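We have chain R already, so just place chain W with the ligands on it with the hints.
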Amino acid sequence: MTRKDKIKQFKTTFFSRGIISYLAVGFIALFLIAAIFAPILTPYKPNDMNLRNSLATPSIKHLLGCDLHGRDVVTRLLYGARVSLVVSVFSCDIGVMMGMALGLIAGYTNGPLSTIIMRYVDVQLAIPPMLFTITIGILVGHSILGLIFALSFGMLPSYIRLMYGLVLSLKQSDYITALKFANVKTSKIIVRHLLPNAFPTMMVTFTMNLGGTIMLESTLSFLGIGIQQPTATWGSMVADGYQYIFDRPMLAFAPGLCLLLVVLAFNIAGDSLRDAIDPRLRGKL
Amino acid sequence: MKNDPIIKVEDLKVHFGLTKGIARKRIGTVKAVDGVSFSVEHGKTIGIVGESGCGKTTTGKAILRMVSASGGKVYFHNQDVLSMKRKEHDKIKRKIQMIFQDPYGSLDPRQSAFSIIKEVLVADGKKRSAEEVTKEVNELLVMVGLSEEMGERFPHELSGGQRQRIGIARALACHPEVIICDEPVSALDVSIQAQIINLLEKLQRELGLTYIFVAHDLAVVRHIADYVCIMYLGNIVEMMDSDEMFTKPLHPYTKALISAIPVVDYHLEKTRKRIELEGEIPSPINRPTGCPFHPRCPYAKERCSKEVPVMDNTDPKHPVCCFYYKDLNKETNN
Ligand SMILES: Nc1ncnc2c1ncn2[C@@H]1O[C@H](COP(=O)(O)OP(=O)(O)O)[C@@H](O)[C@H]1O
Ligand code: SF4
Ligand SMILES: [Mg+2]
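Chains R and W are the protein sequences, given in the same order.
The first sequence begins at 194 in our numbering and counts up one residue at a time.
The second sequence begins at 6 in our numbering and counts up one residue at a time.
FYI, nobody ran anything at the bench for these hints, they're computed from the structure.
Small disclaimer: the values here were computed from a predicted structure and weren't measured.
Note that the Cβ used here is the ideal one computed from N, Cα and C, for glycine as well.
Be careful, since some hints might not be right.
[Said to hold, decoys possible] Here are the computed lysine-lysine pairs in the DSS-like style, where the Cα-Cα straight-line distance is at most 25 Å:
| hint | chain 1 | residue 1 | chain 2 | residue 2 |
| --- | --- | --- | --- | --- |
| 1 | R | K378 | W | K100 |
| 2 | W | K98 | W | K132 |
| 3 | R | K373 | W | K331 |
| 4 | W | K96 | R | K381 |
| 5 | R | K373 | W | K131 |
[Said to hold, decoys possible] Some residues of chain R that are not near chain W, with every Cβ distance over 10 Å (derived):
| hint | residue |
| --- | --- |
| 6 | S209 |
| 7 | S214 |
| 8 | V267 |
| 9 | A371 |
| 10 | Q421 |
| 11 | P442 |
| 12 | F446 |
| 13 | D464 |
Excised from the complex, chain R in its bound form:
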């Protein structure tokens, strides 16, 4: 099979859910464009107040109106996407990489170190993740860096456990056993077989987790323990806007809808990715 065929097959399986998968990818693309090009896409600044526009209704100049402080809602949505993207990508990256490393150590060595890691996982999993993240978030203060730290720390145990299970089952598999019988180096077995075979599952979980993390970040901001005002985040926009839910429904509805769609899009993309990446499903859907 040539490289071209492979890419073609990847596409067919990835988009096997039809219109929904196209919509999901389209929405993720929009989200990325909004986050990256926010300053070009809008003439306003997200934090510029103009009290004459306080609670302005939608118009040509302000497509979704303005909030209490007269800040353009569209602009704040675009900049909010930025925060969501940065926070979720960084915290999931850190979470997944640390989780893979620790899970690999715990699963492959199976010694005292492994026991320590897995006990830590058990302890942290006993605390509700929301509570854990909120506590860490409060401890490290209201900054993007602090939030990333809290979020990645909060998701770490689930990644460790996932990787641990994958490594345990992979290392028992006959094809790894055969390599051991043939004297293939352990480092090669890990790099060429364990990691690549664990990667698809980790990747799928990572993609789905992106949506969940955006949601969690917004929840924290909604509760006022995330990123500090006046930085625009979707969570704090919903929190600010819902006081005017009957007069100016767009203020809370627009960021809420954005959240919903992004989370949904990442989940669908995660599912499609699993189908496309898993060679056992290749060509069957």
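Structure of chain W with the ligands alone, referenced to chain R:
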């Protein structure tokens, strides 16, 4: 010396600890292999037969040090394998290889057939040019009855039989002297089983291989093996030349296994005596006292539940582990 055993297993034991809870409290022992001894001569095939769970795979893995033995010795060319240091063992490791039961789980789904074989081939650390590697891998593919083009395929693009051939080629890539075949055909269709068996026999003739052939199909074992061990619950209960397995079975368990095979001849089927085994295979966690077979043995007497029978070596080529086998054979002969 040609007739020295190439592999000799002496009183091999593998006990797994059963643990429970965080504290890993020991709640029992699984005696998966409990004192197995046999030896194989160069170029011969020894068959190991027994119900699933009787410790066949574990025996194979213990010889390869994939699970650690709790006791006993394994000799390869008179070298004690189990007591070797890791470095020493690494040197002889490749001489003993394994073919696995499950043709699906034994190949990395992300690797082409070519790269599966190549990876194992080059792990011996010898210097080869890229062309030499390609040539050798292609030779191996042809040797197991596949075409060179098959090398490009991925496991999911191959049939069960083709996958098993790749598994065989991978084992051969180590240039082994001994191959442990762990039920290599039991996951395959009957028509393909015969092809794989023929291939294994051809390879044995051409390369002078020694096989330890694990199976639960008696007909397959009689066909390929020179000598057969019947295993029950971690023990060998009878050993004999494979020709004698059907004509002169002595142990009650062997008799039961033989009589469970359907016979095509109608008259023979009507007249022959069938021995039905009652009850489940007892688990190796709660091994019965006395003869491990006594709860299911139709000939069991009181002594069987109290004393453990030892191998009777009256006929050194046909040892049996049963108190009463001589009496039984008088009965059947009458
Ligand atoms: N790693 C292990 N831990 C505990 N018990 C095991 C382990 N591996 C195998 N066993 C037990 O040992 C017995 C023999 O297993 P196995 O050698 O796979 O049997 P067979 O290959 O003859 O079907 C079984 O009862 C099985 O449950
Ligand atoms: S020793 Fe007794 S129980 Fe065991 S096989 Fe012989 S007759 Fe049966
Ligand atoms: Mg087995």
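Outcome of the hint check:
no. : hint               : in the structure
1   : K378(R) to K100(W) : holds (17 Å)
2   : K98(W) to K132(W)  : holds (19 Å)
3   : K373(R) to K331(W) : violated (46 Å)
4   : K96(W) to K381(R)  : holds (18 Å)
5   : K373(R) to K131(W) : holds (17 Å)
6   : S209               : holds (17 Å)
7   : S214               : holds (23 Å)
8   : V267               : holds (45 Å)
9   : A371               : violated (6 Å)
10  : Q421               : holds (42 Å)
11  : P442               : holds (51 Å)
12  : F446               : holds (46 Å)
13  : D464               : holds (20 Å)
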